[in-house]
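> Chain by chain, the residues run as shown.
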Amino acid sequence: MLDGLCLAHPGLVRIGEDRRAIARATPMAQGKVGLVSGGGSGHLPLFTGYVGEGLLDACAIGNVFEGPTINACQDAIAAANGGAGVLCLFGNYGGDKMNFEMASEFAAMDNVETRTVLGTDDIASASPQEAHKRRGVAGLIYAYKTAGALAAQGGDLDAVAAIAQKTVDRTRTIGVALSSCQIPGAAGPNFTIAHDEIEMGMGIHGEPGIWRKKIRPADELVDEMIAMLLAERPQGTRRVSVLVNSLGSTPFEELFILYRRAARQLHAAGLAVVRPLVGPYVTSMEMGGASISLCFLDEEIEALLAAPADCPFWRVD
Amino acid sequence: MAITQETLATALDRAHARMASLTDTLNAADAKLGDGDTGTMLARLIATFAAVDVRSAPDLGAAFMALAKAGAASTGSSLGTLVITAMMTAGKASAGQRSIGWDRLGALLASIRFAAMARGKAELGAKTIIDGLDALASATEGKDDPRAIAIAAGDAMRAVLDQFRPRPCTMGRARIFAEKSIGLDDPGMLALAELVWAIAGQHHAGTTLA
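Those protein sequence lines, which keep their order, are chains U and B. 1 is the number of the first residue of the first sequence in our numbering; add one for each residue after it. 1001 is the number of the first residue of the second sequence in our numbering; add one for each residue after it.
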C-alpha cells in the first residue's frame, strides 16, 4: 500500500530501516519546525496522505488500527528535523502516545527538541469536563493544516504547538455508522449492525457508540449531530469550517445530502460556513457511515486554513 | 533449578502454539470494548518472538532484549508496547546472566508491572493487564519451585479475572463505555491469563497438564 502511495505521488518517499514512515521527497528545510503525525493504517488519506507542502513533513504508520512502532516514530521525527524542533501531532490513543513518547525520548538524546499535541475532537468519547480524554478523529486534519501553515511561515516550535492546540480545542466531531469494517485476517467484522439500524458516536476503529436505533432520515440524523456539536460552540463564534467525511464506503452523493442539511442548520444557528470539506478525508476502511466535524474559527485559524497547501489529498491555492 | 534461555524458548513455543486457537477469542473479546484486533496483533507479535533464536543469544538478558527489539519493529499497539516494555525490563534485570533463579520471578514480574504502569500511565484497579500482572507477581513472590509457581500463577489468573469481571473498565478505550464493560473480561488481562495458562501447561479450566 505504501509503495503504491509513493509511486502514485512522487512527492512522497518511504524512509527508515523498516520503511514504515513517509516523508516529503524534497529535503527538510533547515530552520523550519518539523511537523509529524502517525497512527494505524486503515484510515487513508489519514495519516500518510497528508504529508506535503504546508502540512506534515513526515508520518509514521502502523499496522491496521495499531499505532506506529517506536522505530517508525523515530524515523519520522528524524526526517522532520530541520534544526528548529519537531511537533508530534497525533490522535489520543494509547499505543500512539507511548510510542511517540519513547521516540521523543530517543530524539532528545540526539538534541532534537519535540512537543506533543493530541487530537481530541470526538465528542462521543468523553464529556466536555473530560475533553482531554477524548479520541482524535477526523477533526485532526484541521490542526495539520493550521500547524503546517504556521511552520511554513516560519513560526517557532512553541507557536506551532500553540496553534495546533488551539485548533484542536476549537474542533469537534461526531460520527454515525451503518455498517462495520473488518480488519484483514480477522474472522469477522469488528461489529455487527442490522441493515435497518444505525449507531451514533461509533469510534474510528468501530468502538461502540452512544446509541443504536432504527435507521432514520438523513436530515434527522444531521440535525442531531449538528445540535450535539453546537452544544460545545465556543462563545462568540460566528464563522465555522465544516468537514463532512466518509468513513469509507459512503459515496459523495450521500455526503452531499448530509452537507446540504448541515449547512442549512449552521446558517440557522447564525454561523457562516467557510471552506467546507466534503469527501473521504479520514476513513475506517470500508465502514459505512460519515462523520461531521466543525472547526470553530477565529481570525488566526481562518487565515492559516486559507494558506497554500499541497498534499496528495488536500490542495489549497 | 533456574530460568534459562531454554525455559524462555519453551515458553515462547507454548504461547505461539496457543495463539492458533486464541486469536479469534481475543479479537471477539476486544470487539466488545475496543477495535477487535487484540488477537490478531498478539498472534503477529508472538510469531515474531517465536522466530527469534533466543537459545543462541549470548545470555538471558540479551535474549530478552532481542525479543524487545524484534517486537518494537513488529507492532505499535498499546498492548504490544507494554509487552515490549516487559521484555526490556526483563532484559535489563537479567543482563549478562545465563540464568536467574525461579525465586526471582516474583520480583521480576513486580518490576515489569511497575514499568508497564509508568509507560502506560495506568493505575492499579482500572481493570487492565496491569491488574493481571500485579496478581501474577503477588502469586509467584517467594516461590522457587516451578511446578508450584505454575499452579499459583494459573490460579491467580482465574482469580483476578473473576475479581475484575463485575467491575467497570476505567482506563483506555473501554473506559468510555464503562457500564458496558461490566461483566466482560478486559482483553489484555484475558490475553495474559490465557498465555500464562498455556505456558504453565494448563487447560483453560485450570487442569494442570505439566
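Some hints could be false.
Pairs of lysine-lysine, DSS-like flavour, derived with a Cα cap of 27 Å [to be verified]:
#1 U/LYS213 with B/LYS1032
#2 B/LYS1121 with U/LYS213
#3 B/LYS1121 with B/LYS1069
#4 B/LYS1032 with U/LYS214
#5 B/LYS1032 with U/LYS133
#6 U/LYS166 with B/LYS1121
#7 B/LYS1121 with B/LYS1032
#8 B/LYS1069 with U/LYS214
#9 U/LYS133 with U/LYS32
#10 B/LYS1180 with B/LYS1032
#11 B/LYS1092 with B/LYS1121
#12 U/LYS166 with U/LYS213
#13 B/LYS1180 with B/LYS1121
#14 U/LYS133 with B/LYS1121
#15 U/LYS133 with B/LYS1180
#16 B/LYS1092 with B/LYS1069
#17 B/LYS1092 with B/LYS1143
By construction, these hints were calculated from the structure, which means they are not laboratory data.
> Going through the numbered hints above, which ones does this structure break? Give me the numbers in ascending order.
Violated hints: 2, 8, 9 and 12; rest satisfied.
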